[in-house]
Structure formats: structure tokens, C-alpha cells
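Trainee: Residues per chain are reported as follows:
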Amino acid sequence: VSMKDFLSKLEDDDELRRRFRESPQEVAQAEGLSDDQAAALASGNLKQIKQELQIESPGDSIVGVIMVD
Amino acid sequence: LRACPGSLTIIGTGIRAQHLTPEALAEIRAADALLYVAAEPHLATWLEKLHPRAESLKRHYDVGLDRAATYEAMVEAMLQPAREGRRVAAAFYGHPGVYVTPSHAALRRARAEGIPARMLPAVSAEDCLFADLGLDPGRTGCQSYDASHFLRRRPPLDTGALVLLWQISVVGERRAVTAPHREGLRTLTDKLLEHYAPEHGVIVYEASPFAVADSLVEQIPLSALPEHDVGPLATLVVPPVVS
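Protein chains in written order, with the working numbering: chain B, 166 to 234; chain A, 10 to 252.
It is possible that some hints are incorrect.
[Said to hold, decoys possible] For lysine-lysine, the following DSSO-like pairs were computed, each having C-alpha atoms within a straight-line distance of at most 30 angstroms:
no.	chain 1	residue 1	chain 2	residue 2
1	B	Lys174	B	Lys212
2	B	Lys212	B	Lys169
3	A	Lys67	B	Lys169
4	B	Lys212	A	Lys58
5	B	Lys174	A	Lys200
I should point out that these hints are in silico values taken from the structure, not numbers from a laboratory.
Whenever a hint applies, use it, and build me the whole structure from the sequences.
Mentor: Next up, the structure:
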């Protein structure tokens, strides 16, 4: 599973989210994420998670798409 | 007039998936077409699970392209299926009417063409900011500006009020970019230093789009802002000067 798919599942799967909060690293690795991805998710740190997402899907995040001008 | 016009409903997803309102979810499910702009890839994946014909508007966005051209393409992409008689939902992250140029433009054009169009409210980054930082804008008053607008128009600043400056990573930048605009950050800091001491504590804030991560809250002295690692969606919070 990709990191973005796992994060998407976490958004709407209450049971998965509960298990993740109990054992984040183990649950992420059991879902097939790499050690670095699992560590970033377990950290709960926004910058680390975005960094790993950027490695997985370069260019997928947005800088200045929706702006007032 | 068309015999059977379509419609356009602009919705916001909120910052996290769980922010989606029941009203917006019902609109997504009832729509013939779902067009969307998601800030993060996992939210795009989630929207595509909600609607079988979800289509990202991000393809209209290109590095180096003036944003006005991107917005025009997005507006036409939202309106075309409605002109063909389809019920269109267009989803933007956060609140669809806050710092979103193409949503307002699409509403105006749809109404001018006789297409029923409306916007539903949603959770904005500013809503998250007040909750995460425990700030009440009613306490001191609040000035809130797009950072580029703030530099260009130079509105009077009340240092006794809470000041929020949005989109600080792209200050002065009209094109789509892939990295923060560091020169703009320096200019913004210089402007603020006309009103605040260099050691005045400010907060670089970014609402978390993830159910399992905290929002980013980084407290730094104002003078450190130009060299700070500012994320693409960061907001600058300048607390009031306490006399």
C-alpha cells in the first residue's frame, strides 16, 4: 500500500485509526509502509509526514494553487 | 434559456477529511460530476473513493504559469458540464470561499448564464488556527490579510490586535511555484519590523490535513522569519504587542 492510500484509509476507518494510535509504527509497517514512512507517521510531525509523501509522490503537494490575486 | 439546465454547487472539504459536513457529503453523492482541488495526495485519493467520476482540477495548474490562466481554465472546467445539463459539485480544500479565486469566479459566471449555482460553507484554515492556538479574535480584534496583498496595499496595522498573514510562502509571486519565495519572506519581515521589535515572538502555523498528525506550530522571533523553513501552506501569526 502507498503512504497516501494508507493516510486516506486512516481518514475514514475508525478501527484502523484506533489501532494506529495504539501502535503507530507496527500498524504502519503491517500495512506495508517502509521504515522511514512508518517512523514519520509515528512521529505525528506534519513536516516529516509531508517530506515522506513528497518522496513517494513528487509534485503531488500544492504550493500556491489557490490564491487570491 | 436551457430546457433542462444543470447546476453548480461549490463545496469545501475542510482541512481534514473528517471536516466534511453532512451537507457537502450529500452534495458529492448526488452529483453527476465531482471536480476537486485537494491540497494533499491522500485527500485526492479519499475524494476519488467518494465519487466514481471525481476529476482533479490540478491538471490546469502548471509551474511558471500565471495563476490567472489557471483559474480561468478551472472555471471553464466547472461550468462546461453544468452547461451540458449535469449536476456539478466542485470541491476545494478548506472553505471554498476563503482564498479561492476560481470558486467565486465560477459562481458569478454560472449565475450570469442562468445556471443555478450556490456555495456551501466549510471549515477553513483560520477556523483550525483559532482552535489549535487557543486564540479568540474577539479578544483583541484581528487583522487578516493575504501576505502579498498586505505588502502591496500596506493597510494600517494595529499592533494591539492579532495579525494573521496568509500564504507567506508565495509573497509577491503571481506564478505557480514549487518552493517558498524566500526573497518575499525577507521583504515581508522588513515591513513588519517597522512595527514590531526583532525579538517579537511570531508563530508559523500550518493546519494539519492528517487525522494522525498535529498542526504545525513553530514559535520564532520575527527577525528569524526570512531563514525559517516555511512550508507551502504556512500562515504567519503575529500576536499583539503587550504594553
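Trainee: Hint by hint, say whether it matches the structure.
Mentor: Quick rundown of the hints versus the structure:
With a C-alpha separation of about 20 angstroms, the suggested pairing of lysine 174 of chain B with lysine 212 of chain B holds against the 30 angstroms cut-off. Between the alpha carbons of lysine 212 of chain B and lysine 169 of chain B the distance comes to roughly 15 angstroms, so the proposed pair stays at or under 30 angstroms and holds. At roughly 17 angstroms between alpha-carbon atoms, lysine 67 of chain A and lysine 169 of chain B fall within 30 angstroms of each other, so this suggested pair holds. The suggested pairing of lysine 212 of chain B with lysine 58 of chain A holds, with an alpha-carbon distance near 26 angstroms, which does not exceed 30 angstroms.
Of the supplied pair hints, the one linking lysine 174 of chain B and lysine 200 of chain A is violated, its CA atoms being roughly 44 angstroms apart against a limit of 30 angstroms.
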